[in-house]
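Q: If you want the building blocks of each chain, they are given just below.
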Amino acid sequence: DAKTTQPTSMDCAEGRAANLPCNHSTISGNEYVYWYRQIHSQGPQYIIHGLKNNETNEMASLIITEDRKSSTLILPHATLRDTAVYYCIVRVQGGSEKLVFGKGMKLTVNP
Amino acid sequence: DAMVIQNPRYQVTQFGKPVTLSCSQTLNHNVMYWYQQKSSQAPKLLFHYYDKDFNNEADTPDNFQSRRPNTSFCFLDIRSPGLGDAAMYLCATSTGLVRETQYFGPGTRLLVL
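Chains as they are written, first to last, in this note's numbering: chain A, 1 to 111; chain B, 1 to 113.
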């Protein structure tokens with residue numbers, strides 16, 4: 001089973017920041033938080049990942065709470081093309097390095 | 001551009017007729033994965049190859065098999081497709097290094113008639 005919980009859906013206005021929450025209260029000390037997104041009829045796309053420090057790249061920022069039990073993915077200026085299902089994943093450690101996807105959260109960016 | 005390629009994008013097969021889906025990559029990655037994604041559900045890992053080593057998920061039905069003849073190609077064989085096997089099949093690759101990201105192809109949508 002997935003180790004994260006996310007809201008089912010969220011709406012955001014175009015041009016505004018989108019803040020996507022994720023709870024991972026059972027995360028282990030050596031497990032990373034990953035975010036992927038899946039635009040309709042496409043394969044999932046990697047966004048960002050982090051351990052305990054906040055991370056930023058050209059796509060988004062990731063804010064992880066000090067206790068690491070939750071995180072927030074921030075899209076600073078959402079566009080219509082950011083409409084997608086966003087998956088927050090706690091990376092299963094081990095040889096397979098597999099991704100276990102939860103149900104994800106549908107973000108709809110409105111004009 | 002380096003990428004993960006899946007052909008065809010749409011595949012139609014008949015109930016019980018074997019079907020093969022293909023995936024190729026130009027990333028020279030060690031690991032190739034196959035995921036199944038049914039409608040309105042999250043992707044679910046079926047199996048993966050680390051180089052030539054095959055790793056099957058415990059709950060993957062025997063009906064699903066895979067072949068990796070070389071680094072670049074990986075195939076998903078469904079021996080006797082049932083109606084419940086209609087889904088999007090996603091191929092992904094990674095370097096195999098710890099915590100490396102996975103790169104996904106566009107998927108093949110399988111329809112079983």
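Be aware that one or more of the hints could be misleading.
[Said to hold, decoys possible] Heads up, incomplete: computed chain A residues facing chain B, CB under 10 Å, no partners named: (1) 12; (2) 98; (3) 99.
[What the hints assert, rightly or not] From the derived model, a few chain A residues whose C-beta atoms are all more than 12 Å from chain B: (4) 45; (5) 48; (6) 49; (7) 69; (8) 70; (9) 102; (10) 109.
These are calculated hints, taken from the structure and not from any lab test.
Ideal Cβ positions, reconstructed from N, Cα and C, are used throughout, including at glycine.
Q: For each hint, tell me whether it holds in the structure or not.
A: Do the hints match the structure? See the list:
no. : hint : result
1   : 12   : violated, 21 Å
2   : 98   : holds, 5 Å
3   : 99   : holds, 6 Å
4   : 45   : violated, 7 Å
5   : 48   : violated, 10 Å
6   : 49   : violated, 7 Å
7   : 69   : holds, 20 Å
8   : 70   : holds, 20 Å
9   : 102  : violated, 6 Å
10  : 109  : holds, 20 Å
The structure fails hints 1, 4, 5, 6, 9 (numbered hints given earlier, in ascending order).
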